[in-house]
Structures are given as C-alpha cells and as structure tokens.
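Number of protein chains: 2
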Amino acid sequence: MTQPVALADWGSFHVGGRIVEIAGRTIEKVRFTSSVTFDWNPNGRYHVDHAYVQYMIPAGATRLPVLFQHGGGLSGTMWETTPDGRPGWARLFLEAGHPVYVIDGVERGRAGWCPFPEVWEGSPVLRSAEEAWALFRFGRAEDFAARRGFAGQRFPVEALDAFLAAFSPRWASNNERAQAALIAAIERIGRCIVVAHSQGGEHGLVAALARPELVAAYVGIEPSGFPEPSVASAAGHRFLFVLGDFLDATPLWTGLVAKIDAYAATLARVGARSEVWRLAALGLHGHTHMPMMDRGSEAVAARILDWLNAA
Amino acid sequence: MTQPVALADWGSFHVGGRIVEIAGRTIEKVRFTSSVTFDWNPNGRYHVDHAYVQYMIPAGATRLPVLFQHGGGLSGTMWETTPDGRPGWARLFLEAGHPVYVIDGVERGRAGWCPFPEVWEGSPVLRSAEEAWALFRFGRAEDFAARRGFAGQRFPVEALDAFLAAFSPRWASNNERAQAALIAAIERIGRCIVVAHSQGGEHGLVAALARPELVAAYVGIEPSGFPEPSVASAAGHRFLFVLGDFLDATPLWTGLVAKIDAYAATLARVGARSEVWRLAALGLHGHTHMPMMDRGSEAVAARILDWLNAA
Chain A
1 MTQPVALADW GSFHVGGRIV EIAGRTIEKV RFTSSVTFDW NPNGRYHVDH
51 AYVQYMIPAG ATRLPVLFQH GGGLSGTMWE TTPDGRPGWA RLFLEAGHPV
101 YVIDGVERGR AGWCPFPEVW EGSPVLRSAE EAWALFRFGR AEDFAARRGF
151 AGQRFPVEAL DAFLAAFSPR WASNNERAQA ALIAAIERIG RCIVVAHSQG
201 GEHGLVAALA RPELVAAYVG IEPSGFPEPS VASAAGHRFL FVLGDFLDAT
251 PLWTGLVAKI DAYAATLARV GARSEVWRLA ALGLHGHTHM PMMDRGSEAV
301 AARILDWLNA A
Chain B
1 MTQPVALADW GSFHVGGRIV EIAGRTIEKV RFTSSVTFDW NPNGRYHVDH
51 AYVQYMIPAG ATRLPVLFQH GGGLSGTMWE TTPDGRPGWA RLFLEAGHPV
101 YVIDGVERGR AGWCPFPEVW EGSPVLRSAE EAWALFRFGR AEDFAARRGF
151 AGQRFPVEAL DAFLAAFSPR WASNNERAQA ALIAAIERIG RCIVVAHSQG
201 GEHGLVAALA RPELVAAYVG IEPSGFPEPS VASAAGHRFL FVLGDFLDAT
251 PLWTGLVAKI DAYAATLARV GARSEVWRLA ALGLHGHTHM PMMDRGSEAV
301 AARILDWLNA A
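Same order as they appear, the protein sequences are chains A and B.
Quick note on numbering: this note's numbering labels position 276 of the first sequence as 276, and the sequence is numbered without any gaps.
Quick note on numbering: this note's numbering labels position 114 of the second sequence as 114, and the sequence is numbered without any gaps.
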C-alpha cells in the first residue's frame, strides 16, 4: 500500500439461506479438546445456504460499492492478496475510493458448509494442483511437474502452493443456492458494481439480469456460465467481459471464448452496453485465467477502474 | 466505528500445512456451470493442514500485534462483527492501536478443508442451534424453543440465526494440526498477544508454551482444553483466563471452571503471572460463553485492553 487508507467502517455479515432441521441420526462421542469428550447430538437446527460478506468502506467514499464474487473452488481470499504477496483487487479498488464487499458464496470459506448428505445433493469436489495448472492456463499439462508455464505467461508459478492453500471444496448442485445468496447480498448492499470470476461469473450475470436496478455494472473475468433466460432486463446496462491470453490452449477454453463473444452480442442486441476485452489486444500480454493474481494484475485493475469511472 | 481508522496495510496469507497426493480414485463427471460439464479427476496434489490469516495494520501502530484464535465450530468471523451488528473485538483492538491478525484455523473458514476421507481421521461434526444454546450458556435447554435465555444473560438471542450462520464443521482429529498451524502463524507474525476462545483456548496455550519468546501474553476466553506437558516455559509470562456467568449451569462447565482455576494455579507455581477473571466479580454481569458477542462486549474488551497495556 503506497498510502494509508482511512476506513469509515468495516465488518462482516451473513446473508440469505434458511434453517434446516436434521433428525433421526445417532448420538456420537466426540473428543473436542484434551479435556472435553462430548456426546454430540447431530439432530437439531442448522443454518445453511447463506453467504458471508466482508466489507470495507473508505472514509468519504463517493464511488459505488464493488462486490467481488469469487470463482469455483475458491473463496473471497482470491481478491485480497495475490499468492506472491502483492495487493489484491479488493485493496486496489478500495484505494481507488470504492467501498468493497467480498463474498464467500454458499458452502465456501467463511460461509461454512453442511456435512449432512441429506441437505445438498451429491458430493463435494476439490480442484487438484494439476487440474488448476491446465484449466487456468498456466502451462501445458505435461509441463506441470517442471512448473514450466507457457512462454510469457504471468501467473506467479513460484507461489503455486500458496494458491492451492486457498482452494475450497464445492458441491456442483449448489449453483442456484449461490446465486440466490448473491442476490440477497446485493439487496442488502444496495446499488453496486459486481466483479465476478469464472464460475462466479455466471452467478453475477444471473444477479445482474434479476436485479438490473441494483447492479450498476457487471464485470465478468472469464465467466464460465451463461444464464439462459431472457436477457431483456440488460437493456441500457453495462457489461464488460475480460479475457486473458492462451485462449486456444484447450478445447474447453476455445468453446468458452465463443460463448462469451456470443453472449456479449446477445446482450448488445437487447440494448445493453456490452464489451469483450482480450487483454492481449490492449497490450496486456500473458494473462491467465487469474488476471487478479498474475504479475501485472495492477494494470488490469487500473483498466477496469478507468472503464467503471468512464460511465 | 466512532472515528475512521487509517490502515497502513491489510491483506491475508495462508500458513503451515503440507501437500498430499491423492491416488486411485475414479474420474467423475461434474456440471460446474450451466455451460461447463467436466471430467473431474480427483487424483493429484492438494494443500492441506494450513491456516488462513487476515491482518490489518493501523498506521503508526506502536502496540503489539494481537492474534485472534476462534473457538470450536467457528471461524475468524466471530471477532469481526457481533451477530446483532456491533463492532467485534478485532475492530475494537484495531481502534486501540493494535495490529490485528484473525486466523481461520485448519479446516475452518477460508482455510478450506479436505473432502477426501483418507486425509483426516473421522467425520466432521457441526454444532446445532440447540447444542450451542445449552453449551454456550444462553439459557436452559428446555427454554430453547421459546428462545428464553437465563435471567440477565446478555447474548443477543434475537440474532441467534445470524450466529448459527457463522458455524463451521470440524474434525475432532485435527487439534494437533490446528495447533501446528497456529504456531506457524505466530512464527510468521512475530512477537504478539494471543487471544483465544474455547477449543482454540487450548491451541493458544500450546502455542504460548511452545513459543514463549513469541507470545507476549495469552488471553484465554473460557478455554476448554489444557495441555498436559511441562508448563515450565510459562515462567515470567502473562496468562489471563476470562470467565463469564452462569458457570454452574451444566456439569461440563462446573468441571471446566475447576480445570481453569487449577491450570492457572499450575502456571503461577512455575513463576507465570497468571490471573483468572470472573467477569461478574468485576461488575460485568450476565456474560455467556461468547463475551465477544454479548451486549457489553465493548466493556469486556476495554478491561482486557487495560490489562494488556498495564504490562
């Protein structure tokens, strides 16, 4: 941080969700500490399907709040500090005068999760280092062992272990619950900008279309899902899609890029102000699926801040 | 917040832990978003047993850093904002001039967790509303349905649902891993004060005894576990144990209070400066197991800050 930032307020809240009641399970003996062994009764009431939101409000803020929605298999930590220890986008946007809200969606991070299989369908999945390496376009799968990234790629591969430590399991069945909790967060925050990544990019689109009066602008960082219902509510609203480099590295990405271009065009046809950025075309080369962590993340943030403030 | 607080720095890091390699599992088809269905290969490398630490450093800080260790079934959110929306202790200590570090221990909150049963022994347990009600001494078990707390108790029972949303599953088998990650966090932070709650109270004691040169003072808020090895390293060091009210409500608490008194005496015998506070005896009545959330949490924090600064 170059300058101290004065906070008028900071804190956190949980939002959305519901109470479930678990019944019919057996009491288990659990050793909680070296001094306490306890008859744990799993039956009872639990809060599930909520999100956690942490906020920081700069003193004298005049810019719109920015809500950061993480991607799949991650939590809000991805916006705080890069794996190699540089300021994350939440910090850069805060220093630019925006109140920042960082969400941990349903089942992720400080939202907690539910261990009873009767509540969420299916099993949790966690992303391996190898899968992240290939899927996030750090390098070719066969170069993982040597940690040799694509020529010119900018993810700090020397900090890969720190990145892995931020991974979080997820249930594939929870997308709609996560979208509902994001909308609940936006309703509590009020009119704001949504910056959303990857899997969370779809959640952000759902929210922007469902609450156009509350989402002043949508910034999708390589979103990986595109809601099907009518996009008529996008008319007159701003949508920015941001793409890194190495987009032809895998068939998955070739397909997603085509979908992003098509979706942006669909939004434009109903009167949205919709743009797709290929960062390389802006002179910002070598970005991966994680431009908020890559070397040069500061320059990408600065471009997005300029775009937001040129409204 | 009465006054804006100027931050010289803030951010987060993960610390401790290890890489595990999962092998021999079957590839599964997973629908990650409405547009991406993926062959998920669970085999590969994962980071486990680490903690997450978020920090805020006030501009011009001259006081020692304070590391907040949550209790069992909770994460670092417990120190941020009370369930009824008042500033948490992390904020009050920051405003008093301390750099604050809030940990999410192994398997909790933003530390993430490991869904492969071959990595951690046993199954995760989650605390129900009913168990929390009785165990945290909000009221009698039979008064849970009516949400009628003990006469004079100060937990904001009208915000019980918000409190439940902050609960986190845990593995009873992870205590030693959590203690190791806490020690790794302290080694990274440097000399600091440890404020630890309930199950985390034991982790804090283990750390204070293992790294006496780095733990300037230990504040245990109703700790529920007491490490057995030699306490000789406590000589000359400061230990404060803080107890709320309604301590005779359950046999569990009657037993724990006796253990706290005995442990504090053991520490004193080897030359530690060890104190036990019963908040009611200080004129702070009606506190539960959650004095950092009770109405009057500000007054409890102020007493602890006075104690720390009278060193």
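A couple of the hints might just be wrong.
Which copy is meant is left open, so a pair is good if it fits within one copy or across any two.
[As the list claims (entries may be wrong)] Here are the simulated lysine to any residue pairs, SDA-like style, with alpha carbons at most 25 angstroms apart:
| hint | residue 1 | residue 2 |
| --- | --- | --- |
| 1 | 29 | 39 |
| 2 | 29 | 188 |
| 3 | 29 | 119 |
| 4 | 29 | 141 |
| 5 | 29 | 298 |
| 6 | 259 | 189 |
| 7 | 259 | 270 |
For the record, the hints were derived by calculation from the structure and aren't laboratory data.
If you're wondering where the values come from, they're calculated on a predicted model, not measured in any experiment.
Hints and how they fare:
no.	hint	verdict
1	29 / 39	within (5 angstroms within a copy, 38 angstroms between copies)
2	29 / 188	neither (40 angstroms within a copy, 36 angstroms between copies)
3	29 / 119	both (23 angstroms within a copy, 21 angstroms between copies)
4	29 / 141	between (45 angstroms within a copy, 19 angstroms between copies)
5	29 / 298	neither (51 angstroms within a copy, 36 angstroms between copies)
6	259 / 189	neither (30 angstroms within a copy, 45 angstroms between copies)
7	259 / 270	within (17 angstroms within a copy, 69 angstroms between copies)
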